[in-house]
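S.K.: From just these sequences and the hints, can you work out the full model?
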Amino acid sequence: MKMIKQFIKISGCLLVAATATSCAHLKEYQKSRLNDSEMVLSNRKVERNELNFQSYLEGASGANAGKTGGGCGCN
Amino acid sequence: MKKIYLSVIGFSIICRLGAHAQTKQDTTRNNHPFAVYTPGSGDSTGYQSRALRVDEVDLFSSYYNQNGDHSAVTGGIGTQKVTDFSSGLDLHLVWLNQAYNKNTLSVGLGYDHHSSASSAYVALNGGGKPGGDRIYPSLDWTVENAQKGTSFGVGAYYSGEYNYKSKGADLHWSVKTKDRSGEFGVKLQGYFDQVTMILPSEFIHQPVAQQQGTMIITTASGNTEVVGTNGQVISSTKNSLPTSPRTTLTAAFSYSQMINSRLQIMLLGDVVAQSGYLGLPFHRVYAPYLQTPNKDTIEKLPSSRFKLPIGVRANYFLGDNIILRSYYRYYTDDWGIRSNTASLEVAYKITPFFSISPFYRYYDQSAAKYFAPYNAHTAADIYYTSNYEDAKFQANYFGVGFRIAPPNGVFGWQNLHDLEIRYGHYSQTTDLVSDVISVNLGFK
Numbered sequence: 274m275k276m277i278k279q280f281i282k283i284s285g286c287l288l289v290a291a292t293a294t295s296c297a298h299l300k301e302y303q304k305s306r307l308n309d310s311e312m313v314l315s316n317r318k319v320e321r322n323e324l325n326f327q328s329y330l331e332g333a334s335g336a337n338a339g340k341t342g343g344g345c346g347c348n
Numbered sequence: 117m118k119k120i121y122l123s124v125i126g127f128s129i130i131c132r133l134g135a136h137a138q139t140k141q142d143t144t145r146n147n148h149p150f151a152v153y154t155p156g157s158g159d160s161t162g163y164q165s166r167a168l169r170v171d172e173v174d175l176f177s178s179y180y181n182q183n184g185d186h187s188a189v190t191g192g193i194g195t196q197k198v199t200d201f202s203s204g205l206d207l208h209l210v211w212l213n214q215a216y217n218k219n220t221l222s223v224g225l226g227y228d229h230h231s232s233a234s235s236a237y238v239a240l241n242g243g244g245k246p247g248g249d250r251i252y253p254s255l256d257w258t259v260e261n262a263q264k265g266t267s268f269g270v271g272a273y274y275s276g277e278y279n280y281k282s283k284g285a286d287l288h289w290s291v292k293t294k295d296r297s298g299e300f301g302v303k304l305q306g307y308f309d310q311v312t313m314i315l316p317s318e319f320i321h322q323p324v325a326q327q328q329g330t331m332i333i334t335t336a337s338g339n340t341e342v343v344g345t346n347g348q349v350i351s352s353t354k355n356s357l358p359t360s361p362r363t364t365l366t367a368a369f370s371y372s373q374m375i376n377s378r379l380q381i382m383l384l385g386d387v388v389a390q391s392g393y394l395g396l397p398f399h400r401v402y403a404p405y406l407q408t409p410n411k412d413t414i415e416k417l418p419s420s421r422f423k424l425p426i427g428v429r430a431n432y433f434l435g436d437n438i439i440l441r442s443y444y445r446y447y448t449d450d451w452g453i454r455s456n457t458a459s460l461e462v463a464y465k466i467t468p469f470f471s472i473s474p475f476y477r478y479y480d481q482s483a484a485k486y487f488a489p490y491n492a493h494t495a496a497d498i499y500y501t502s503n504y505e506d507a508k509f510q511a512n513y514f515g516v517g518f519r520i521a522p523p524n525g526v527f528g529w530q531n532l533h534d535l536e537i538r539y540g541h542y543s544q545t546t547d548l549v550s551d552v553i554s555v556n557l558g559f560k
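Respectively, the protein sequence lines represent chains A and B. Basically our numbering = 1-based index in the first sequence + 273. Basically our numbering = 1-based index in the second sequence + 116.
Careful, some of the hints might be misleading.
Stated by the list, open to error - 25 angstroms max Cα-Cα, derived DSS-like pairs, lysine-lysine:
id, chain 1, residue 1, chain 2, residue 2
1, A, Lys304, B, Lys485
2, A, Lys318, B, Lys560
3, B, Lys508, B, Lys485
What the hints assert, rightly or not - Label-pair distances were calculated between CB atoms; the ranges are:
id, chain 1, residue 1, chain 2, residue 2, range
4, A, His298, B, Lys283, 40 to 46 angstroms
5, B, Lys197, A, His298, 54 to 60 angstroms
6, A, Leu324, B, Gly347, 44 to 50 angstroms
7, B, Leu304, A, Gln303, 31 to 37 angstroms
8, A, Gln303, B, Pro253, 38 to 44 angstroms
9, B, Pro253, A, Glu301, 36 to 42 angstroms
10, B, Asp551, A, His298, 44 to 50 angstroms
11, B, Gln510, A, Glu301, 53 to 59 angstroms
12, A, His298, B, Pro246, 56 to 62 angstroms
13, A, Gln303, B, Pro418, 47 to 53 angstroms
14, A, Leu324, B, Tyr499, 37 to 43 angstroms
15, A, Gln303, B, Tyr539, 46 to 52 angstroms
16, A, Glu301, B, Leu221, 17 to 23 angstroms
Just so you know, these hints were derived from the structure itself, not from any lab. Remember, predicted model here, so these are calculated numbers, not experimental data. From the three backbone atoms N, C-alpha and C, an ideal C-beta is built for every residue, glycine too.
M.R.: Dropping the structure here:
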């Protein structure tokens, strides 16, 4: 229960931080920098094996669009 | 190695054929650095070919080397030396259906070969199998409705290695906000695994005298052998070792938002429930109170685990040629692990097509309630492990990546769209250190 409360608190803070920031309506031509391949909001393809070994060595996983457990001998 | 070279050559030929077959430029995605998106560019008649085509092929390869002195196989002491060579490919096929929705079929195949010094110590005398192979195919089908800004997909995976088999499936769905500056995504995922119950050699049934002059031995791989007095194997029966199930169910949520013309963020949150056999049967625990001849037993962990990781990514385009890629994650679970992960990567574009990206990642975690080091568990412990994955530690990971994506192809080879190379050095306060070097080749 304590853990869930903690989770809700942190999620709430992140949501407030996200919504409090003013989000300007962008025209397509204003998105040139955001469309840059380095700006992609995901792991790089070349990182896939790094995420794999981190999930073997560390107790925490998930929230990175990667594995959350299962699929290999790691927990 | 020969197979790998052949697969590289084979797929480069496929790409070459695909490139000749494709006569229309892809307008659905803009990967060109610094390019401005121009809606409606291309054919003025509005005609779009619906034919199936190879959109992209990725070939990846990686070498990993690790050393440490806290192996779970030997109860929290002993070598953790591991080397791993992995390679694979991802093939993305694209076509438009009758409603002109984009369909993407992604087919992946990966292969790992690893050697693990501690695996040899599943047999007490160090004579066990010191390595293994893993193969992991995957399939994903996603349909995108560009007009509505929605996508829906299904995926399936398999991973097979000597002592562990896993089947997985997922459903994923996403929707963009009305002004297309934000996107909400959900992924429901299930892994249904089977852990082969390979026990440390001292816990395998001792040879049984069958009849005068022969005896039956059960080996760690589950074979039953009838052995004569002179040690000669008279007959051998391949038995399958028992397995235990492990299930992992995940609901992953994400929301991405463009904040302004230079900043975009993504919030990520997963809810993960695991059940079944969550330890590994060849992880030893040593404790002074144990009555076994070696004062050891097998790790024992609860049959359920609930994990809650949440994270945020923020990417910022600073000036004209620096991109800051940042990430933070907080993790908590009901085994008592609390963890923080923070990383920052600074991608510096030396030219619009070549970037260099030094990165740093910090990680810390508290210990699980069930962890104690070698020979430190007490008789009061209901659950016990000496796996340092569950210990308290901090870790630092740093390195550098390079990305080349020139418009006329890498090294002038038109089909080789981009090349990424990345090296990282990882160290834990448990004295574990590792190095990894990875390469990704993207063909179009």
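S.K.: The structure should be examined with respect to each hint, and the outcome stated for every one.
M.R.: Hint check:
1. Lys304/A with Lys485/B: 48 angstroms, violated
2. Lys318/A with Lys560/B: 15 angstroms, holds
3. Lys508/B with Lys485/B: 10 angstroms, holds
4. His298/A with Lys283/B: 40 to 46 angstroms: Taking Cβ atoms as reference, His298/A and Lys283/B lie about 44 angstroms apart, which means the hint holds.
5. Lys197/B with His298/A: 54 to 60 angstroms: 55 angstroms, holds
6. Leu324/A with Gly347/B: 44 to 50 angstroms: Holds, at about 47 angstroms.
7. Leu304/B with Gln303/A: 31 to 37 angstroms: 34 angstroms, holds
8. Gln303/A with Pro253/B: 38 to 44 angstroms: 41 angstroms, holds
9. Pro253/B with Glu301/A: 36 to 42 angstroms: 38 angstroms, holds
10. Asp551/B with His298/A: 44 to 50 angstroms: Given a distance of about 46 angstroms, which is inside 44 to 50 angstroms, the answer is holds.
11. Gln510/B with Glu301/A: 53 to 59 angstroms: 44 angstroms Cβ-Cβ, so the 53 to 59 angstroms window is violated.
12. His298/A with Pro246/B: 56 to 62 angstroms: 59 angstroms, holds
13. Gln303/A with Pro418/B: 47 to 53 angstroms: This hint holds: roughly 51 angstroms between Cβ atoms.
14. Leu324/A with Tyr499/B: 37 to 43 angstroms: Roughly 28 angstroms apart at Cβ, these two residues miss the hinted range, so it is violated.
15. Gln303/A with Tyr539/B: 46 to 52 angstroms: 35 angstroms, violated
16. Glu301/A with Leu221/B: 17 to 23 angstroms: The hint (17 to 23 angstroms, Cβ to Cβ) is violated, given that Glu301/A and Leu221/B are roughly 28 angstroms apart.
Figure legend: structure checked against the earlier numbered hints; hints not met, in rising order: 1, 11, 14, 15, 16.
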